[in-house]
Amino acid sequence: MSQLALDKLKAKFGAAVVETHSQFGDDTAVVEPGVWRAAAEFLRDDPALDFNLFVDLCAVDFPKRVPRFEVVLHVYSFARRQRVRLKTRVGDEEGEGCEVDSLVPVWTGANWFERETFDMMGIVFQGHPDLRRILLYPEFVGHPLRKDYPAQKTQPLVAYRTEEEAGTILDKLAPFGGDEGMAFGRKFYLPKDGN
Amino acid sequence: MEPVDLDLEEGELELPSEPMHLNMGPSHPAMHGTVRIVLELSGETITKADVQIGYLHRGFEKMCERGTWTQVFPYADRLNYVSPMLNNVGFALAVEKMCGLEVPERCQWYRMILGELARISDHLTCDAAMAMELGAITPFLWLMKGREMVWDILEEETGARLTHSFGRIGGMAKPPTDGLKEMVRGSLPKILHLVEEAEAMLLKNRIFLDRLENIGVISAADAMALGWTGPCLRSTGAAYDIRKAHPYLKYDEVDFEVPVGTRGDTLDRFLVRLGEIRQSAKILLQCADRLPESGPVNCDDPRYVLPDKNDVYTTIEGTIQHFKLVMEGAKVPAGEAYSYTEGGNGELGFYLVSDGTGTPHRVRIRPPCFAITQGLEKLVTNRMLSDIIPTFGSLNMIGGECDH
Chain P
1 MSQLALDKLK AKFGAAVVET HSQFGDDTAV VEPGVWRAAA EFLRDDPALD FNLFVDLCAV
61 DFPKRVPRFE VVLHVYSFAR RQRVRLKTRV GDEEGEGCEV DSLVPVWTGA NWFERETFDM
121 MGIVFQGHPD LRRILLYPEF VGHPLRKDYP AQKTQPLVAY RTEEEAGTIL DKLAPFGGDE
181 GMAFGRKFYL PKDGN
Chain C
1 MEPVDLDLEE GELELPSEPM HLNMGPSHPA MHGTVRIVLE LSGETITKAD VQIGYLHRGF
61 EKMCERGTWT QVFPYADRLN YVSPMLNNVG FALAVEKMCG LEVPERCQWY RMILGELARI
121 SDHLTCDAAM AMELGAITPF LWLMKGREMV WDILEEETGA RLTHSFGRIG GMAKPPTDGL
181 KEMVRGSLPK ILHLVEEAEA MLLKNRIFLD RLENIGVISA ADAMALGWTG PCLRSTGAAY
241 DIRKAHPYLK YDEVDFEVPV GTRGDTLDRF LVRLGEIRQS AKILLQCADR LPESGPVNCD
301 DPRYVLPDKN DVYTTIEGTI QHFKLVMEGA KVPAGEAYSY TEGGNGELGF YLVSDGTGTP
361 HRVRIRPPCF AITQGLEKLV TNRMLSDIIP TFGSLNMIGG ECDH
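Protein chains in written order, with my numbering: chain P, 1 to 195; chain C, 1 to 404.
Be a bit skeptical, because a hint or two may be false.
The calculated lysine to aspartate or glutamate pairs, modelled on EDC-like cross-linking and capped at a C-alpha distance of 16 Å, are [as the list claims (entries may be wrong)]:
id, chain 1, residue 1, chain 2, residue 2
1, P, K64, C, D355
2, P, K147, C, D355
3, P, K64, P, E94
4, C, K48, P, D130
Read the hints as simulated data drawn from the structure, not as lab findings.
In isolation and in its complexed conformation, chain P is listed as follows (with noise of 0.2 Å):
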């Protein structure tokens, strides 16, 4: 990991790093989104830095904090053998306004990591030439991996048979039910409306 990085990035952008930590040996700085990019191409471009292998981006869900999302990047230096990780935080607590600009000119590699955010949290990634889902299909209503998404909804692309239509009970429960018959230490998200 690197701590020079870090330094480096204080130095650079000031006030506009909010907080870094090294937690478990992890280097980590946490940026404002608008210098996300900016950051991002810092870490590219510095020759004592040179972060040219693109690692992972995702995003996490804290459904309590606003802004609610992280958005979190690794990256690799191949000649310095180092990583850094690199954070930022948007959208409120509806997850609307999940902004931030696109790294796919900085490393090509983030178009299908920033595509697969965007479907599993909806985070929009102004600048990306072809953003669209790319593990579900078109069709697909909501982003699964918000905290607020029930796990157990499903949306068939062909809708399923009615009662009437089979001439059966249909029982669409998991087998032993909501919770799979393991309550404990599970953490439950209702959707807003309480259902």
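Mind docking chain C on chain P? Use the hints.
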């Protein structure tokens, strides 16, 4: 039949010149997995390719957020289902990083043995399937025979051929069997012999070479910007192997080399995988020599590791510990960690976020072949249609891993 009375000027086109659209997949006999490529062709040349994945999406990142940390192991199995043990070990190491656990020496060697066996199985499958897609059935059957030997060992060890679910937080489900070393030492020469025979049949074959050489070429810089890791990146000459660059388990104590290519073409990717099978065999023999005959396999930490079954049934402390770990799950310290290991296709990363309870807040899997598959578009554009088959085969897209 009347001749078509067309009064064409010389040089005028007879055929319509608009591009042709072709759907390749989602289910195509020459495709490695369920993937669809929408092609725009001009004659036989690809002018545009849109790779569409997601047919095997099962939403297991969401499912991981509903169970305990230990319940993620069966999902991890189904990531790269050709080398499930590498995923198991990768996830176990990620959780152990957060818990601050280090497994006993015997477990480390054991994990390396199982992991390298899985890597051999992964590379054998990839090279075999690639040869088969080009019409070479015999090498495919020979390499599959080799994979069968690997799976026999894994079955003997774990009880399952494919989806082992054998990793645990702070150890493994069971200690190594007595016959493990003999099985490894006995099977490896046979597997290597099969690899040699298959290699001799393929690499002296003009047709096979012509279809691989200088096809799907990528430079090291492009590959890195795309996020390529593993054999595909090493074929471009960049020697990035996590086992060497950031050794985990006991990889710093074994002697092995990192095979690299020079041109970054399909043939190099094929050869790098063959080279890695030989290096894995070398590692396996060293591990078999150094695996201790006795000693603990699991960490002695009641917060994370299940107690011995004997204690569960005879002592109240053991019963309570077992109940708490099974029903509430091991309580992983709050925070975030990214852990990476060398999977079959490259850097297999787990980015875990814990809120301090027995259930993960977020399990992000960084599948190596997701990044690799997105490079396919670049590799095949302006190439011939038939080049898709070897190029895509050499990328080793595994649907379970790529589609989450």
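So, going through the hints one by one against the coordinates:
no., hint, result
1, P/K64 - C/D355, "holds, 13 Å"
2, P/K147 - C/D355, "holds, 14 Å"
3, P/K64 - P/E94, "holds, 10 Å"
4, C/K48 - P/D130, "holds, 14 Å"
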